[in-house]
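Trainee: Protein chains in written order, with the numbering used here: chain A, 1 to 307; chain B, 1001 to 1307.
Derived by calculation from the structure, the hints in this document are not laboratory data.
Listed next, the stretches of chain A that the computed footprint assigns to chain B, with coverage defined by at least 3 CB atoms under 8 Å from CB atoms of chain B:
| # | stretch |
| --- | --- |
| 1 | 135-147 |
| 2 | 208-222 |
| 3 | 226-234 |
| 4 | 284-294 |
Glycine included, every Cβ here is placed at the ideal spot set by N, Cα and C.
There are 2 protein chains.
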Amino acid sequence: MLRRHGLVAALVLALPLCGAALADAPKARPSPTAKELLAKSSPGEWRTPDPANLVYMQLPQGRVVIELAPAWTPEHAANIRTLVREHYFDGLSVIRVQDNFVTQWGDPDGDDKARARKLGTAKETLPPEFTRKIDAKSTFTRLPDGDVYAPEVGFADGFAVARDPKAGNEWPAHCYGAVGVARDVGAETGSGSSLYAIIGQAPRNLDRNLAVAGHVLEGMQYLSAYPRGGEPMGFYDKPADRVTISKVVLAADLPAAEREKIEVLKTDSKTFAAIVEAKRNRRDDFYTLPAGKIDVCNISVPVRQVK
Amino acid sequence: MLRRHGLVAALVLALPLCGAALADAPKARPSPTAKELLAKSSPGEWRTPDPANLVYMQLPQGRVVIELAPAWTPEHAANIRTLVREHYFDGLSVIRVQDNFVTQWGDPDGDDKARARKLGTAKETLPPEFTRKIDAKSTFTRLPDGDVYAPEVGFADGFAVARDPKAGNEWPAHCYGAVGVARDVGAETGSGSSLYAIIGQAPRNLDRNLAVAGHVLEGMQYLSAYPRGGEPMGFYDKPADRVTISKVVLAADLPAAEREKIEVLKTDSKTFAAIVEAKRNRRDDFYTLPAGKIDVCNISVPVRQVK
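Using the sequences plus the hints, can you model the full thing?
Mentor: This is the structure in structure tokens:
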């Protein structure tokens, strides 16, 4: 009645009960679920993120784990590491939540030069690492169904990416959970001291206009569920509404025992390809008409806890 | 410093200061903002939604306004109207929030036949109104940039839609804010007694597998910001976490003075076309590289309050 197992029911297997159904069985065979495919994955298909690229951001509701993307934005990754190590973010806040767009954090007093927190030894401006030259050595796995915004899309170096072979460049796409670098009007004004996470329909028009410095591996459910701000663009109108970031640390700076034990499925693995295909053509009793297509931003890279 | 006006800054106009810049001015002219375009719209470009299609759902944080879509799902619209008028939803709950997917509401005891609320005179099953035959008389406004999932996309009868001319059918797309009808495995098991709103990246693989019975005109910021549920698929594990729906009414059943005074921009209007074009090619000091493209689910149909 409730359809509790309705909307994304995929666990009920279709058991053919008559000859005709049996004859059709190979075609009607339910597609495996991501869970089933992941259970059969091999250890070598998983990567352990480099602790030097893992940022832990402590919010009242829990920990957010961000993986930096030095393969795409090396100077931003380095600057964010510096800011984290000098405790720049500790005590700052989520300052903005705009529905169907972004959650942004940083210094609420950042606009006020007298009161703004100092960046320490971090740089105040950085080169605009919005795209990179196509890296022939990277493990680009192209998706087959095209894209509205770019000539090609797929996954490379663990990130959802788009690329333009004619222009010779590629860039991480602003998909759900992408972490971008807020900036002023000038392209070089982003330092990484204020970051945003995408919380709605992928605003792909940001691609190539802002630097994607990482993506959220864990904790999106906190960043996406804060009350939307009352000011234009979702800034909080009342300081009391802001959510305080108690502490931000780099995994590499913690003893190994205190680090998150997580692994990320390699995007050039057979299991990842199988998950993409199962999602493109989901066949089970519930989904009677498989889409046969997939958008790059409809695929989440699996993350798992290990013991 | 804070980039408070950074991420989506569009209000700063580029004033050319030298001859060369002046010569380039037509090309570099900033695109108008949606706000500017809406300010110049004519009254005839707006429609007043039919009160018989407007559902007001009262949540603790505020009112959600849903426009039903009888042009697409007539039997579902009729059944939902019956459920609303017989107070089926009053006192029920938001029962499920799955991050980057859906917020679903209905009867928490719906799975328990003994305890489930009765549907009154509403039907328990409905024909699967997942698509309709292409309506040559509708005001389909096609978008120019294609789509990953369907041969054509655009707007018709006020909704973001996709269509397949070869198959001869069209359907509302599962974009952010779309309201769908939860169901069991059988295609006819949806009644409208449990509904969901899309709160993340458009899960377009739901298209043609579920009925889109409406879309949210106001109040998405409440539906999108509830804590995500702890059970699989985002169902709340603790009853106390559920959000109570105090009352659901049809606008048509309220005195005119108590109805929301809202208008919706017609999707076949010049102003809507101009907004789409400005979003496709956003040119201002902040966006240095216009996307030149737009996905159907990246366009929100403007809604305004009138006096």
